[in-house]
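Peer 1: The chain contents come next:
Number of protein chains: 2
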Amino acid sequence: MSLDTTSPRPRIARLKAAMAEKGIDALVSFKPEHTFYMSGFNPVLYSHPVVMILPAEGEPTLLVHALRDAHGRDEGFVEDTRAYGVWSTTKTMGPTWPEALQAILTEKGLGAATIGMEADSTPMARWTQVQALVPDAKFADSSKLIDRCRLIKDADEIEMARVAAGLADLGMDAAIAALAAGGTEREAHTASLIAMNEHWTHALPDTIEVADFGGLEGGMVNGLATWVLSGDRMFRNCDNSIARKPEQGETCAIFIWAVANGIHAENERTVAFGAVPDKRRRALETILKIREEITPVMKPGTPLAELYHITKRGLTEAGYEANIPGRIGHTIGIGAHEHFSLDGKTDVILEPGMLFTLEPNLRVPDQGVATQISDTILITEDGHDFLTKSRGGYIEV
Amino acid sequence: MSLDTTSPRPRIARLKAAMAEKGIDALVSFKPEHTFYMSGFNPVLYSHPVVMILPAEGEPTLLVHALRDAHGRDEGFVEDTRAYGVWSTTKTMGPTWPEALQAILTEKGLGAATIGMEADSTPMARWTQVQALVPDAKFADSSKLIDRCRLIKDADEIEMARVAAGLADLGMDAAIAALAAGGTEREAHTASLIAMNEHWTHALPDTIEVADFGGLEGGMVNGLATWVLSGDRMFRNCDNSIARKPEQGETCAIFIWAVANGIHAENERTVAFGAVPDKRRRALETILKIREEITPVMKPGTPLAELYHITKRGLTEAGYEANIPGRIGHTIGIGAHEHFSLDGKTDVILEPGMLFTLEPNLRVPDQGVATQISDTILITEDGHDFLTKSRGGYIEV
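Just so you know, the sequences run in chain order S and G. Here UniProt numbering is used: the first residue of the first sequence is 1, the next is one more, and so on. Here UniProt numbering is used: the first residue of the second sequence is 1, the next is one more, and so on.
Bound-form chain S, shown alone:
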């Protein structure tokens, strides 16, 4: 169920403006994140494709398999929802999506149009299949066009990012408490999952879903995720947790990713066990100082790359010039990792509604030193808002 199935989404107008600029007459999308972006519908399972058709002029159409027809109409905000396939007594446009899509494109007068599809996600076979449906049409890559529109979040997305961040904060508190009580990586993982799911179960309304976006062979029913890596396992960056208890003097990283109605938040913290060696404390303190330097410039008008430059300068001054990371965060939203990086090359200027992770961190494997701190940041009219609010700093347990 979606929060609001009627209000217009500014993102649709932004997409149409970008299409006009690029001479694209219609977007045809199969990517789960993007069909959701343009329709508000997440069927969770994508073994039967969901197809979104967004013409520059006129009404959008959402095409779903007959067995998702009622669900799509109820959950999505697209008026014109059509069905393909055979299921029960539902009337459909034909047994398969290609014939239904062909009929829709013809009906909308797009047989010889310029059609945008995402070349970075549309499989080769499907791209060719769509081309064959409208042999007189031209095809353009719309990956970057949609990715750039996603940079600015709409009000409904920001509201959900706050809900996701709240879930992530609860998960973080539970994981830290489990570690402080002497728990293993896995025990902290499971305590965190339980805290987030219990909150969703008892405190959040039916309108809030925690499903994520699946692929061709499965679905992602529950996108509330935690992993915990202790000691040298921090250099894995991502791995399933094991039954290992952090030892005194070690640090341990907790990673939480939460999602609410398709919008993600990320919350990551480093916990120190007892008195850690100076090299580990110094790394954490260096990162905390850099975060303090970055904080005041997180506001409209600042080039995103400036956040990276501050990090690079701070790490160099502290003697970590051999350990400068390639990026210090990424945009976030419908994807846990959206496609713009906080690196030295990005051409993005901060604007209200942008959502990204702030995560300058250090990895010095030959010294056994690693930090992992990340927050989800929203750029507001006059500055920024930390959506994740877990205690930061030097967390000793």
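Each hint should be verified, as a subset may be incorrect.
Note: identical chains are not told apart, hence a pair may lie in one copy or across any two.
In the BS3-like style, the derived pairs of lysine-lysine whose C-alpha atoms are separated by at most 30 angstroms in a straight line are [to be verified]:
hint	residue 1	residue 2
1	245	108
2	245	345
3	389	279
4	345	312
5	16	138
6	289	312
7	91	108
8	16	144
9	389	108
10	245	22
11	108	289
12	91	345
13	279	91
14	144	345
15	138	312
16	389	91
17	279	245
18	91	312
Don't read these hints as lab results, they were simulated from the structure.
Following the hints, complete the assembly by docking chain G onto the known chain S.
Peer 2: Just chain G now, with coordinates in the frame of chain S:
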């Protein structure tokens, strides 16, 4: 961590035999499920591609980003693991995967070879990018070749399917107990997740992971999944659970998908609340009778389509000829939904090592009647084995 990083996998020999038959000199794969299939390595996050190169002759090569280098070497069973990108002091073949892949293909003498890539999953842009690396090579679609090899499971896969099925059974027991105690859909969901995760945390070794396969924008850290749909919500087939308590006389479907080291099991049951109307009881009894008719033919030599024909005949005899489902199950393994359906057209003959779901079911929306029962079945030398063992039949709470 993987269970066993040394033993040869018969699937590699099967793949090479299929490649020889199709005249394919090497497979190049980016699909998370398939790079894992051929290497045993799941980095969980795929924002930096993992590339598997499997030549028909000679050693396979696994190419990973530098930050996954140690992880890939430790977890995978491919001897020759190479790295690209920049991370810490790891030596790599170059800053990006295309130049590393180009060097590997050239080194293996594949510059003018016939290369198989999966057209059903390789994005259009990436396909073109690989073609440009070896302009004299020919490219063929290897989707079906790999999918067909996946039909037969190796011993390590069967072992993990049993572990996944055991997790799913625990999740099912917990969900049924929560519903019997008067719980909502969401409470049953969360009780089930907790049971599976607690078991993983406390009873399963570090060598067993519950990560699933992610996409370009995220990862699937935990693939233990439950959803519960009550009353008419069963017609949704898949949706996040809500705070709804099933009413007396209704049925409620519980869906559990579990995963262990990349191999899935599915367990689905229908629970009846109190005395359900005859129409609902009759639908469940019809399905149970059909399952009993199917059970003895689940053995080597039976055409998979025969299971569908028995279902169609049974439903017709019981007066449900307007409600014959399109399929009554699917193969399962690295994918929760692998690509062969139990329908009337499939050309698969059952062989030992095949793994599929058995799920003949009814949906009669205009009567408010639905059933959902599914088990994960392994074909053995002399018959079959139900890997999911939850109590079946008519479950009244």
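Peer 1: Would you mind marking each hint as holding or not holding in the structure?
Peer 2: Hint check:
{"no.": "1", "hint": "245 - 108", "in the structure": "neither (61 angstroms within a copy, 44 angstroms between copies)"}
{"no.": "2", "hint": "245 - 345", "in the structure": "neither (40 angstroms within a copy, 53 angstroms between copies)"}
{"no.": "3", "hint": "389 - 279", "in the structure": "within (27 angstroms within a copy, 53 angstroms between copies)"}
{"no.": "4", "hint": "345 - 312", "in the structure": "within (13 angstroms within a copy, 60 angstroms between copies)"}
{"no.": "5", "hint": "16 - 138", "in the structure": "within (18 angstroms within a copy, 39 angstroms between copies)"}
{"no.": "6", "hint": "289 - 312", "in the structure": "within (12 angstroms within a copy, 69 angstroms between copies)"}
{"no.": "7", "hint": "91 - 108", "in the structure": "within (20 angstroms within a copy, 54 angstroms between copies)"}
{"no.": "8", "hint": "16 - 144", "in the structure": "within (14 angstroms within a copy, 38 angstroms between copies)"}
{"no.": "9", "hint": "389 - 108", "in the structure": "neither (48 angstroms within a copy, 52 angstroms between copies)"}
{"no.": "10", "hint": "245 - 22", "in the structure": "neither (55 angstroms within a copy, 51 angstroms between copies)"}
{"no.": "11", "hint": "108 - 289", "in the structure": "neither (56 angstroms within a copy, 49 angstroms between copies)"}
{"no.": "12", "hint": "91 - 345", "in the structure": "between (51 angstroms within a copy, 23 angstroms between copies)"}
{"no.": "13", "hint": "279 - 91", "in the structure": "between (67 angstroms within a copy, 25 angstroms between copies)"}
{"no.": "14", "hint": "144 - 345", "in the structure": "within (16 angstroms within a copy, 40 angstroms between copies)"}
{"no.": "15", "hint": "138 - 312", "in the structure": "neither (44 angstroms within a copy, 44 angstroms between copies)"}
{"no.": "16", "hint": "389 - 91", "in the structure": "neither (49 angstroms within a copy, 38 angstroms between copies)"}
{"no.": "17", "hint": "279 - 245", "in the structure": "within (21 angstroms within a copy, 55 angstroms between copies)"}
{"no.": "18", "hint": "91 - 312", "in the structure": "between (60 angstroms within a copy, 22 angstroms between copies)"}
In the structure shown, a violation is registered for the earlier hints numbered 1, 2, 9, 10, 11, 15 and 16, in ascending order.
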